[in-house]
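Chains as they are written, first to last, in our numbering: chain X, 6 to 343; chain E, 6 to 343; chain W, 6 to 343; chain Z, 6 to 343.
In short, the hints are calculated from the structure, not lab data. Watch out, some of these pointers could steer you wrong.
[What the hints assert, rightly or not] Distance condition first, Cα-Cα at most 30 Å in a straight line; then the derived BS3-like pairs of lysine-lysine:
id, chain 1, residue 1, chain 2, residue 2
1, Z, K310, E, K72
2, X, K124, W, K220
3, W, K220, Z, K72
4, W, K310, W, K75
5, X, K220, Z, K72
6, E, K37, E, K83
[What the hints assert, rightly or not] To give an idea of the interface, some chain W residues facing chain E are shown, with a C-beta separation under 7 Å as derived from the structure:
id, residue
7, I7
8, V9
9, V67
10, L81
11, V176
12, L178
13, S246
14, F247
These numbers come from a predicted model, not from an experiment. We put the CB at the ideal spot given by N, CA and C, even for glycine.
4 protein chains.
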Amino acid sequence: MILVLRPDATPAQIEHILDHVKEVGFTPFPIKGEFRTIIGAVGDDTQTTPDSFQALPGVEQVLPILKPFKLASRELHKADSVVEVGTTKIGGGHLGMIAGPCAVENEEYMDEIAGRIKKAGANLLRGGAFKPRTSPYSFQGLGEEGLMLLRRIGDKHGLPVVTEVMDTRQVELVDRYADMLQIGARNMQNFELLKEVGQTRKPVLLKRGMSATVKDLLMSAEYILSGGNSNVVLCERGVRSFEESTRNMLDLASVPNIKGQSHLPVIVDPSHATGRPDLIPAMARAAVAAGADGVHVEVHCCPEKAMSDGPQALLPDQFDALMIDIRKLADMFHKTLA
Amino acid sequence: MILVLRPDATPAQIEHILDHVKEVGFTPFPIKGEFRTIIGAVGDDTQTTPDSFQALPGVEQVLPILKPFKLASRELHKADSVVEVGTTKIGGGHLGMIAGPCAVENEEYMDEIAGRIKKAGANLLRGGAFKPRTSPYSFQGLGEEGLMLLRRIGDKHGLPVVTEVMDTRQVELVDRYADMLQIGARNMQNFELLKEVGQTRKPVLLKRGMSATVKDLLMSAEYILSGGNSNVVLCERGVRSFEESTRNMLDLASVPNIKGQSHLPVIVDPSHATGRPDLIPAMARAAVAAGADGVHVEVHCCPEKAMSDGPQALLPDQFDALMIDIRKLADMFHKTLA
Amino acid sequence: MILVLRPDATPAQIEHILDHVKEVGFTPFPIKGEFRTIIGAVGDDTQTTPDSFQALPGVEQVLPILKPFKLASRELHKADSVVEVGTTKIGGGHLGMIAGPCAVENEEYMDEIAGRIKKAGANLLRGGAFKPRTSPYSFQGLGEEGLMLLRRIGDKHGLPVVTEVMDTRQVELVDRYADMLQIGARNMQNFELLKEVGQTRKPVLLKRGMSATVKDLLMSAEYILSGGNSNVVLCERGVRSFEESTRNMLDLASVPNIKGQSHLPVIVDPSHATGRPDLIPAMARAAVAAGADGVHVEVHCCPEKAMSDGPQALLPDQFDALMIDIRKLADMFHKTLA
Amino acid sequence: MILVLRPDATPAQIEHILDHVKEVGFTPFPIKGEFRTIIGAVGDDTQTTPDSFQALPGVEQVLPILKPFKLASRELHKADSVVEVGTTKIGGGHLGMIAGPCAVENEEYMDEIAGRIKKAGANLLRGGAFKPRTSPYSFQGLGEEGLMLLRRIGDKHGLPVVTEVMDTRQVELVDRYADMLQIGARNMQNFELLKEVGQTRKPVLLKRGMSATVKDLLMSAEYILSGGNSNVVLCERGVRSFEESTRNMLDLASVPNIKGQSHLPVIVDPSHATGRPDLIPAMARAAVAAGADGVHVEVHCCPEKAMSDGPQALLPDQFDALMIDIRKLADMFHKTLA
């Protein structure tokens, strides 16, 4: 950690700061500049927060040096992680193509959609049984009935299934039916929920929060990893911005950014990122070209009848066309889609 | 709702759209302009989402008209709500001055801080027993022991207490000890938690999420209100922005903005908003001048020894000085501080 | 335009609003809903601003319908525009690969860089002679000497050249030396400068401002087009965001977003967007996969000696490797790189 | 400056870095930690950009220590600056109350508005003769005719006048008529324009750009100050954000934030910040309570007939009411309004 002192810090304050640095187990290295003193504090940054230093009289700024995550970091785990979800692999050269409707609605739709996406080449089926809706008056999902339906349809078409868990009390139930647990963007910093899925051994799809930095996302992954569950896949799905013509702003640079500092697989969700079917295929292609380990796309056979987020879904025919491009890009970048 | 059609919408598409509008219970009023047709759809917007219209072929844009919240709205509840927290009132001319440390740490600190803030004029004591921390390696709070301590100190000094609840499974426990339940910014859209506190009758302090719009905040309040709990106080605490010199960006305009459309009390938290003690007093004064129903300030007797967020706390002496200004402003704007 | 009236709008106010709508040449179509009245105002939205309606007593909200740009719009100009810069074409299936140093520094560097990028396949040389620098104490560019040098090196290697113009008084000078005029992000809404380059017939590379929406960017293009200069190429280069690990946030979805509503070519600048050479190649590949008409990359033979923005430049060897991928992607998406 | 090296930096790289630090005139102080080395580089940060260090192989991060502005800084100029605009003073306990229409439109309106604001207590008249408009089809201002009218009306009512200058070529003309030159938000980083007004001795009202940090704003002030013009007043007017119900997000914390590090006066413009007359009075009061040296409010006698930004203007009666509160707050905070 680096402590930048105020230009007017007194010798007594500096003495007190040096004492405090030693007291918490760091070794201080003061450097006296023309205008101000800085102090290098060498020790284990992950055990102490910068906060205790920031509050010391005479300290202007505290600059942390070490990355605050460990298990998610590539420094200790050089090779790409591969996460297995049923028969599907994500990461380390394996592309996860996750598709399906926003919400599980009924058997007829699920069956048709699953059949179509399987044929087009998707290797994971998604569908929400518990839906986080901004309004309490919107459709909230079918609950356990939806989970059973999703499981049945996944088995019928040979597709592992992923679905969202919104509350600590639902983890056991969802764990029973799903092959992968999704933590939604709004729950990325629901730390009790992260701890709870960290106690399972199910693969977790962790979506980036709408105002989360890349570092925040990796810290949330660290919560799950430190619980003992190493099967974490990260998902970039856009952040809040001032641009009003898309639902969120897809931060595609986060893909190489994360992969440079973490071994965890990263996939991209252009459906929630843009909210616009006319932009989804281009962003899905861009995701693979940027090095993503997979793509998450909403597909619905009848968007205007969908009970949740219909307009951001691709039609099965559009998904077919997209998968042709995705396969070409996978070949070009030596990725397997199994 | 207003449907704006694409310039190239075909007569068949328009026919299909008009049918769909009627089918979901709305009355359509088409207006044919030079370049495109728009359709006014009159009916109850709160029951249908714009999504089903957006997905119709030929529709370019759907513009909702009615506000999507009802119970939180001033349209149906003209007068300011007053929320009673123990002996303290917030809203309708009553200022809530909430102060205390970030986390409940030990009896000695709590007792000293509570004594000082009470004497300075605060009327609610805060302190976290369950702490949402970005890192799994940071101090996570004292749990039930912290709740008991907070209760004891609050009673000793005659201050009602508010503390955060982070998980649905904690609601019953926290409800037993606290006079007011705080929903933190990271949980503003943890809808299961909102529903759960909506089932209690305890006052709820609902903090704005870091990427939440004013409308999002009011929709989250609606979750609690629609559960039957009408004791909701909103809290502006800053949002994420590109400005790097403050922790968040305090959106003080949200105070008159919310008060114009909702009857719920709104308070301001300049501690989390700025993260800088040198800015907190100015922002607390500004909050009262902007019409806020209260202020939420972290106070600690020894910030450098605090286990959580020490540097953003005011010292008791600084809080004393602030309260002198707050009282003057309260007088000037005819607010009571009881 | 749609006027949404307040729930408490009086009959007299409504009468006054209807009169005003007619007075400014629109035809009003009132629709009376259960809670409030809305008025469709049919006419030419591009001639009247919503402002005059917004100020009318009784009006709550004004929703514009028509897009406020015309010449930039695909509605009136269906086919993709192709902009010719010297012998290079951008748009309509032609990829513009713009490369070079941030600033023109000296003959030796320029010659080496130009030789290398030409060999790798770039078809436009960039380099700044007038530099917009945040600090008045930073290197401000070589001025006319830099322009002459850029011109000479471009001619030697058979590469048309693009360089920034920062001030209306520089337009004539820069126009004399350059094949394409660049308007930087900080000047995207320097309207006098836009008008001035609109008076030339030189191709203009218009960069998106750091807080500009896609619509703002198209409106700025409209300034140039309405001056009579139809040779405009747009450039996505990232916007300001809360993410601190990259210089800006690259909004790659703006590429298909713009191309859906405008005929103008769009290129992407991953150098300024990310500020990190480790992310630039991935974002350049993603740009082409997203449908961009070109890429703008900084290349420097000796970044640590560069006088401006050295660290965001690729080394010539890195650019060689990138161009191999770009060629493959160009083939895959049927783009020509001439 | 602090250089944080990569964990895998080689001894040869470290040697090269130390050499480079010395070569550019800094003294290096290496500190070897368990995982990585950091190097304190002591010297004059304002002369060298972090860029040249960032590009060195083995460097992960460069952390600047000294503030990059000097003349704007309180470190070298402890006392508050007072800027005199005609007979009006801003800063150092003097409140500048700037009011008037968005654009100068005609004699009748200007005269009525000026009379009313003067009577209410404003001490500076504003009005635009050159208008930066997003659309080329919107009213662009009356030009010199507007300047003459503004001057005449200001003189008649004994009010100094401030008006915007948008282009280097207009500086001389505007300087001839106005008492204070306004640099608009869109031109905050139009560096040629900043240099040009830095050559005059007229007071400059420098508005914060929509995506500018506080540091960026102070750097732009430094451009003017370093030209020899020390009469700079800063203006907070909101930044771009995701909140859609206000035009911009007013960052009121910037007021104490700037005043802590700079001696320059800071005023607040709630009209452009919110775009909503129902929020302007609350934000104007909050500004004074936050310590601002003045407020900038649009006032129009007939907003629905205004040719530019009508709906964000207060009516004269609303301004009267606001001024009563402002006077009380000025008294309370010991500010003079002359």
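Structure-based check of all given hints:
no.: 1; hint: Z:K310 / E:K72; in the structure: 29 Å, holds
no.: 2; hint: X:K124 / W:K220; in the structure: 39 Å, violated
no.: 3; hint: W:K220 / Z:K72; in the structure: 36 Å, violated
no.: 4; hint: W:K310 / W:K75; in the structure: 46 Å, violated
no.: 5; hint: X:K220 / Z:K72; in the structure: 26 Å, holds
no.: 6; hint: E:K37 / E:K83; in the structure: 38 Å, violated
no.: 7; hint: I7; in the structure: 6 Å, holds
no.: 8; hint: V9; in the structure: 6 Å, holds
no.: 9; hint: V67; in the structure: 11 Å, violated
no.: 10; hint: L81; in the structure: 11 Å, violated
no.: 11; hint: V176; in the structure: 31 Å, violated
no.: 12; hint: L178; in the structure: 34 Å, violated
no.: 13; hint: S246; in the structure: 6 Å, holds
no.: 14; hint: F247; in the structure: 4 Å, holds
Hints 2, 3, 4, 6, 9, 10, 11, 12 from the earlier list are contradicted by this structure; the remaining hints agree with it.
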